[in-house]
Every structure is written in structure tokens, then in C-alpha cells.
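Trainee: Single-letter residue listing:
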Amino acid sequence: MTALVTENLVKRFGGVQATDNVSLTVEDGQLHAIIGPNGAGKSTLIGQIAGEIAPDSGHVALLGKDVTTLSVFARANLGLARTYQITQLAKEFTALDNVLMATNARASHNFSFWKNAHDDSDAVSHSLAALAKVGLLDAKNRTVAELAHGEQRQLEIAMALATGPKVLLLDEPLAGMSQGESAAMIALLKSLKGRYPILLVEHDMDAVFSLADRISVLVYGRIIASGTPEEIRNNVEVRAAYLGEEATA
Amino acid sequence: MTAQLALSQLLNGLQLGVLLFLLAAGLTLVFGIMSFVNLAHGSLYMLGAYFGAATFAKTDSFTLAILAATVGAGLVGLLLDRFALTKLYTRDHLDQVLATFGLILFFNELIRMIWGPGSIFMQVPDALSQTVDIFGFTYPSYRFAIIGAGLAVALGLYLLIQKTRVGMLIRAGATHPHMVASLGVNIKWLNTLVFALGAALAGLAGVMSGPIMSVQPGMGEPVLILTLVVIIIGGLGSIRGAFYAALIVGVVDTLGRAFMPTIMRGIFERNTADAAGPALASMLIYLFMALVLALKPQGLFPATAGATR
Chain A
1 MTALVTENLV KRFGGVQATD NVSLTVEDGQ LHAIIGPNGA GKSTLIGQIA GEIAPDSGHV
61 ALLGKDVTTL SVFARANLGL ARTYQITQLA KEFTALDNVL MATNARASHN FSFWKNAHDD
121 SDAVSHSLAA LAKVGLLDAK NRTVAELAHG EQRQLEIAMA LATGPKVLLL DEPLAGMSQG
181 ESAAMIALLK SLKGRYPILL VEHDMDAVFS LADRISVLVY GRIIASGTPE EIRNNVEVRA
241 AYLGEEATA
Chain B
250 MTAQLALSQL LNGLQLGVLL FLLAAGLTLV FGIMSFVNLA HGSLYMLGAY FGAATFAKTD
310 SFTLAILAAT VGAGLVGLLL DRFALTKLYT RDHLDQVLAT FGLILFFNEL IRMIWGPGSI
370 FMQVPDALSQ TVDIFGFTYP SYRFAIIGAG LAVALGLYLL IQKTRVGMLI RAGATHPHMV
430 ASLGVNIKWL NTLVFALGAA LAGLAGVMSG PIMSVQPGMG EPVLILTLVV IIIGGLGSIR
490 GAFYAALIVG VVDTLGRAFM PTIMRGIFER NTADAAGPAL ASMLIYLFMA LVLALKPQGL
550 FPATAGATR
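Protein chains in written order, with the numbering used here: chain A, 1 to 249; chain B, 250 to 558.
Source of the hints: derived by calculation from the structure; they are not laboratory data. It is possible that some hints are incorrect.
[Stated by the list, open to error] Sample of chain B residues lacking proximity to chain A, with all beta carbon distances greater than 12 Å (derived):
1) K307
2) A376
3) V381
4) Y391
5) M417
6) L418
7) M428
8) V429
9) L439
10) V501
[As the list claims (entries may be wrong)] Think about it this way: if two alpha-carbon atoms lie no more than 27 Å apart in a straight line, the pair counts; the simulated BS3-like pairs of lysine-lysine are:
11) A:K65 with B:K437
12) B:K437 with A:K166
13) B:K336 with B:K437
No residue lacks a Cβ here, since even glycine has one placed at the ideal position from N, Cα and C.
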């Protein structure tokens, strides 16, 4: 089944066409990356997929279901998990508590809503497993404020994984990272690739070209090219619009 | 000024303090989480008192009265949140103040239409109408019960917010609503839950103060002002702050009113003291608030991300 589809999405802010007829597809098990210069409309696109921004026209479908009019939490409950460009973590919670919250958010539909969050061994072991997947098991009792920036981004991914996602939406997971942190994050993303369909928005070209199965290039709200990394690398229009700009920057 | 008198006034102060806490807990949570100024919180207190008094008069059961007040006020809170206030959450604070001030007038008039303009009488329940002897003086057991119940609710609230799943979501939702929504939580319903919980606590405070204060239209306003002082001193959004500030305000206000005239008499002539004492006593908590704001503008226990202490 197709994990995620956007169909002719359009969003205008005043006179600015932030999203211009964007159609893209994330196939099951595929890592689809979106690249584009600053101001290309990547955040607006992510917002429409997550449900924070309503498109002016067009559709978003998640696992074959039209979710265009659904709220953020309803899409999350269908299996869409995301991370943010700017870290959104409860700073005074420990790493484990943040993941527990994600686990519990999903489990809150059953009757143990009022349970002591730490007494629920299923939830705790589920959360620890998510922490282990991102390599943060040793940091479980440290508060977010004590974690390095790279670890905080890893923790966000652990939270996304703890919700039992069917599709991952990752908004610039490498932003602001040191080289060492980037390498660890890229390794983590490689380990997730193939196991989850992933839509990755990222600035780091080397990472995108080494990770992605498919790349779409967004410029001024419009997808100017979409294809395999090889096709994108050799696309003249892309080189002119974007990669050339990178090279001279 | 005997030791017994001082002790009994201290207990009166504590009793006022826990009642203020029940009111402040809801108000500060709603402000901290939804950034919503709800002046109608005092009306929920009044409704609780009326629901409780009416139920007690009909059934003669204080347990049922408490249940009616808590559930009734909680339900009114839930309906208010869903139908009347939901449009206001995104508006600025002045709009919220005006609209909820309108609700105060509405509820006061509604109560007048149903129960009349005079105060209605609510008896102390028989089981608690005795006095208790401690350290050689007697103190009404009903007031002890209020203190006990208030402290128990405070502990329960602490456990709910700090330990349970839903408490975790409330704490995180206070600072990161988008993140909590993206985890699949309906943040609107979480807010409604918090609002209804705050309303239920206000109703509980209303019914408990029924037998010791007069149950009448407009009874929510004076107590609302004290409650606002409490949440400002405690730090907006902070449950822990509301707890300590409520006890401080309750004790300072009560002791001030009891002893300030006497103290003033020791300093000034009798006439001056009799005039200035009560006036100064009623200003004490505001002076205290001004002092706290000057030294710690965020309140004694400012709420920070993650923990709504």
C-alpha cells in the first residue's frame, strides 16, 4: 500500500504561493527526501501533511485514507508520527518520561488512563525498547535539559517510534548537529530505512543523497524534479536551481 | 491575646487557605495550560454552594450534597468549555476578561431567579457539628474536616498531575501542545478535562464553605479576588505555588484581621488604631502580593516547562 500521498496541494499566504500544486508519493518501505532552498515551502508542506495547516485545495492521503480534513491528533492516531525542525520536548522530563508520554498517548484509549505511569511495566519496557533503538538507553534517567542537542533529536525519534508509527515524517533531523552527531543520526536513519516509510525533509545534501530512495526538489513551492538520487544529481534544472546555488554558497 | 486564640485563628487561616487552594488549583491550571483568564471561576464556586445547599436541604445527606456540588459544577464547567468559551481561547486576555465578567453577571442573575436574592441557609452536617478539644481549647470539627479534606485533595491532585498518565500529558501539554497533539492526543479534550476538573474543585470549595459562609448571589466575587491574589503570589500555572500561596494568604489574612487592631493599639492611640487596624488588615495580602511581585515577578514557584509543580 502507498504510505503517503499528497495530491495537487495548494496553499497561498496572501500573494505568496507557498505550496504550488504539490503531488508526491511515499511508497511503503521507501525513504523519500524533500530538498529545497530556504523559503521553498518545505515547512508549509510538512504542516499540511501533519494537519497543522489546512491546504487551500488538494488532498493528503495516509495509508490509502483521505485525511485532508482530519486534525493533527487524528492523523497521529492513524499512524503518522513526526519530529520537529525545532525540538519540542518537555525539558524537565527525563528521557524515559518523554518516551513514556508518547507510549501513553497511544495507550490512553484503554482504561489505564489514570494509572501511575511508572508502574505500568508494559509501557515502561515498550518505552525502553524505543530508547534502545535510538541508542539512548544509558541516558534514560537524564532530563532533556541535560542531553546534548544531538541526543535530543534522537530522543524525538524514540518518541515517534514509541507511538507505533506506520509513517514517519522527519523535519530536518540533522539541523544544528555537529559532525559526530550527524554521523550517529545518519546511522540511526539508515537503521530505520526500509522498516518504516519515511518522508524526510533535510538540508544536508550528503545525508540526503546517501539515504534517500527517492528525492523531490521543492523550489518556490513547486516540485521541479522528482526521481532517484542519481536522476536528481544529473538533472540540469535542479543543478541550476539548487545544487549550483549550494556549490557557490 | 491568648495562645488558644492565636491557635484557633491560625486554624481558621489554614481552613480559609485550603478553600482558596481548591479554587486556585483550577484557576491556575486553566491559566497555565490554556492561557485563559476565567473570571467566572467564582461563579462555579457559587454554583457548587447552591447545588450543595439545595441537595442537602432535600436529602439531608451531606455526602450527596458534596457529590451534587462537585459533579454539578464540573458539568457546568464542561459545558462552558465546550460551548461558551471554546471561541475565546485564541482571543486576547482582555476579551476573555470581558466575556467571563459577563458570565459572572449571568450566573448571579440566574441564581437570583431560581433561589431569590437573599441568602439561603445551609446547616453544618450533624456528624460534624461537634467541637474537638485540642490543647485545652475547643475547635469546631467541621472546620477541621475542611482542612483535612482540602489537604487530601491537594495530595490527590499532586499525585494526579505528577504520577499518572493523564497528568503527564497535562504537564507536557501546558508547554508543548503541538507536540502532544502530534503524539495522537486530542488536546481540546485534554483542556476540557482540566477545565472541568478545576470547575469541580471550585464546586467542592463552594459546598464546603456553605455552612460557614452565607450562600447568596455574588458570593463568588470576593473569594475570586483572593484566589487571583493566590495564583499571582504562587506563580501562574503552578499547582505547588497555588498550594503554598493559598495557605500563606489564608493565614496572613485571618491573623491580620484578628490581631492587627490589637497590635495597632500598642502603637497608636485607641481611636487611630481602631480606624487604621481593620483597614491595614484588609490590605495585608495585597501588600504581601506587591512585595512578592517586586522581589519575584514570576511568583514564588513559577511554572516551568515539564513540571506543573
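Trainee: What hints, given by number in increasing order, does this structure fail?
Mentor: Violated: hints 5, 6, 7, 8, 9.
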